[in-house]
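Asks: Sequence:
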Amino acid sequence: MHDFTYYTPTRVVFGKNTEQQTGALVKACKCRKVLIHFGGQSALRSGLVDRIKTSLQAEGLAFVTLGGVVPNPRLSLIREGIELARSEGVDFVLAVGGGSVIDSAKAIAYGAANEGDVWDYYMGKRNPDACLPVGCVVTIAAAGSEMSSSTVVTNEENGFKRSFKTDMARPAFAVMNPELTMSLPPFQTACGCVDILMHTMERYFGHGSNMDITDSIGEGLMRVVMHHAIVLRDDPANYDSRAEVMWAGSLSHNGLTGCGSDGGDWATHMIEHELSGMFDVAHGAGLSAIWGSWARHVLPLRPDRFALFAERVMGVAPAETETITGLRGIEAMERFFRSLRMPTSLKDLHLAPTDAQIAEMAEKALVGKTHIGSVKKLLPPDIIAIFAASR
1 MHDFTYYTPT
11 RVVFGKNTEQ
21 QTGALVKACK
31 CRKVLIHFGG
41 QSALRSGLVD
51 RIKTSLQAEG
61 LAFVTLGGVV
71 PNPRLSLIRE
81 GIELARSEGV
91 DFVLAVGGGS
101 VIDSAKAIAY
111 GAANEGDVWD
121 YYMGKRNPDA
131 CLPVGCVVTI
141 AAAGSEMSSS
151 TVVTNEENGF
161 KRSFKTDMAR
171 PAFAVMNPEL
181 TMSLPPFQTA
191 CGCVDILMHT
201 MERYFGHGSN
211 MDITDSIGEG
221 LMRVVMHHAI
231 VLRDDPANYD
241 SRAEVMWAGS
251 LSHNGLTGCG
261 SDGGDWATHM
271 IEHELSGMFD
281 VAHGAGLSAI
291 WGSWARHVLP
301 LRPDRFALFA
311 ERVMGVAPAE
321 TETITGLRGI
331 EAMERFFRSL
341 RMPTSLKDLH
351 LAPTDAQIAE
361 MAEKALVGKT
371 HIGSVKKLLP
381 PDIIAIFAAS
391 R
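In full-length UniProt numbering, the protein residues as written are 1 to 391.
By construction, these hints were calculated from the structure, which means they are not laboratory data.
Every residue gets a Cβ at the ideal spot worked out from N, C-alpha and C, and that includes glycine.
There could be a bad hint or two in this list.
Label-pair distances were calculated between CB atoms; the ranges are [unchecked claim]: (1) N238 - G89: 38 to 48 Å; (2) P318 - D348: 42 to 52 Å; (3) G68 - F279: 20 to 30 Å; (4) D304 - R233: 24 to 34 Å; (5) T323 - K30: 53 to 63 Å; (6) A359 - S216: 34 to 44 Å; (7) S46 - A24: 19 to 29 Å; (8) K347 - Q57: 43 to 53 Å; (9) L301 - G60: 53 to 63 Å.
With a straight-line Cα cutoff of 25 Å, these simulated DSS-like cross-link-like pairs (lysine-lysine) come out [unchecked claim]: (10) K30 - K53; (11) K364 - K125; (12) K165 - K369; (13) K125 - K369; (14) K377 - K165.
Model the full structure from these sequences, guided by the hints.
Replies: Laid out in structure tokens, this is it:
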């Protein structure tokens, strides 16, 4: 087991009607003016934003609002939010939504607390000195951004989608009412379940040894998510399954399932970032479309790990070799994705990128890096091969 530091400062308030506590939670942070940041009209139509405003007003807190966040959150809206926060004297950013809204809120919090262009952080040019406190009212179980240090932003001017993380951006609190996820379309629920699984799989396939407790946590989380994903496919209003998946989303990306590893592989995420940066696909769908091709590409380097995954997570019986067992585990996960009506190829996404587009995505994935991935250090030819196998 590698040495590690596990840090989770986020206060989690979980359960029915917990959004009514938002005002008190913000006030406890000793802040006075809030930027309420949200996505589309659903947060308004449902009355959620109004309930949050009422909660803030009850605590004597002022606020301004900024909606319009879309999946793969855009840099242009983040810059608008930064200017609004600065001009209004905002000292707290409250995200009301899923991972895209939370990531956008974190980026605004960075930008409002520092001089210069916030995009510099995502391109690795410099690091922030400060960050406004962020809180979350979570409406989608998926990204786990409500407890993570990460944020992912898309620059629509050049098609780059980049991540950045520091512990400064870990939210002060996360309000998590599973009932708020019940109105999600089946596709969005399925995308969320894939994202949760992938956050643990990215860590699970990293390098590490003697990690029995961390492995068991990750394996158990994956099995639970897969079970409840099927329940929600057939019974979207099942509160218990909504709660299980929502909590799993937070645990999958707060660092717990990677304690003692080398930090994880993350190549599938980085490849998907280029795919959704160019074609604006849903993140979870992009991950399920790419993962199988990545897994087959790197299987020869870690047949032991893939065999363990196959047996412990997918319930595959041991075969004559670890490679065959691992391959059967990959195939079983792809069948699971398809059972949720999730894509397992670019064709399933109705995408047919040209060779030139694939080469461009492969080059962009390595901008500022020598390679991606840790199971195998992937270079552009590897990424091109993974995309080609995903067609």
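Asks: Keeping to a limit of 25 Å between CA atoms, is the pair of K125 and K369 held or broken?
Replies: OK: K125 and K369 at ~13 Å, within 25 Å.
Asks: Is K377 within 25 Å of K165, Cα to Cα?
Replies: Judged against 25 Å, a Cα distance of about 21 Å means the pair holds.
Asks: Range hint 42 to 52 Å: satisfied by the CB atoms of P318 and D348?
Replies: violated (30 Å)
Asks: Quick check on a hinted range of 53 to 63 Å for L301 and G60, using CB atoms only.
Replies: Since the Cβ atoms of L301 and G60 sit about 58 Å apart, the hinted range of 53 to 63 Å holds.
Asks: Going straight from one Cα to the other, do K165 and K369 come out at no more than 25 Å?
Replies: holds (16 Å)
Asks: Within 34 to 44 Å: is that where the Cβ-Cβ distance between A359 and S216 falls?
Replies: Holds, since A359 and S216 (Cβ atoms, about 41 Å apart) stay within the stated range.
Asks: Has the hinted range 20 to 30 Å been met by the Cβ atoms of G68 and F279?
Replies: holds (21 Å)
Asks: Assuming the hint says 53 to 63 Å, is it satisfied by the Cβ distance from T323 to K30 or not?
Replies: Holds: the Cβ-Cβ distance is about 57 Å, inside 53 to 63 Å.
Asks: Mind checking the alpha carbons of K364 and K125 for me, to see if they're no more than 25 Å apart?
Replies: Since the Cα atoms of K364 and K125 sit roughly 16 Å apart, the hinted pair holds (cutoff 25 Å).
Asks: Taking 19 to 29 Å as the hint, is the beta-carbon distance of S46 and A24 inside that range?
Replies: holds (21 Å)
Asks: Please check whether K347 and Q57 have a Cβ separation lying inside 43 to 53 Å.
Replies: holds (51 Å)
Asks: Do the alpha carbons of K30 and K53 lie within 25 Å of each other, as the hint requires?
Replies: With Cα atoms ~17 Å apart, K30 and K53 stay inside 25 Å; holds.
In terms of the numbered hints stated before, the structure departs from hint 2 and from no other.
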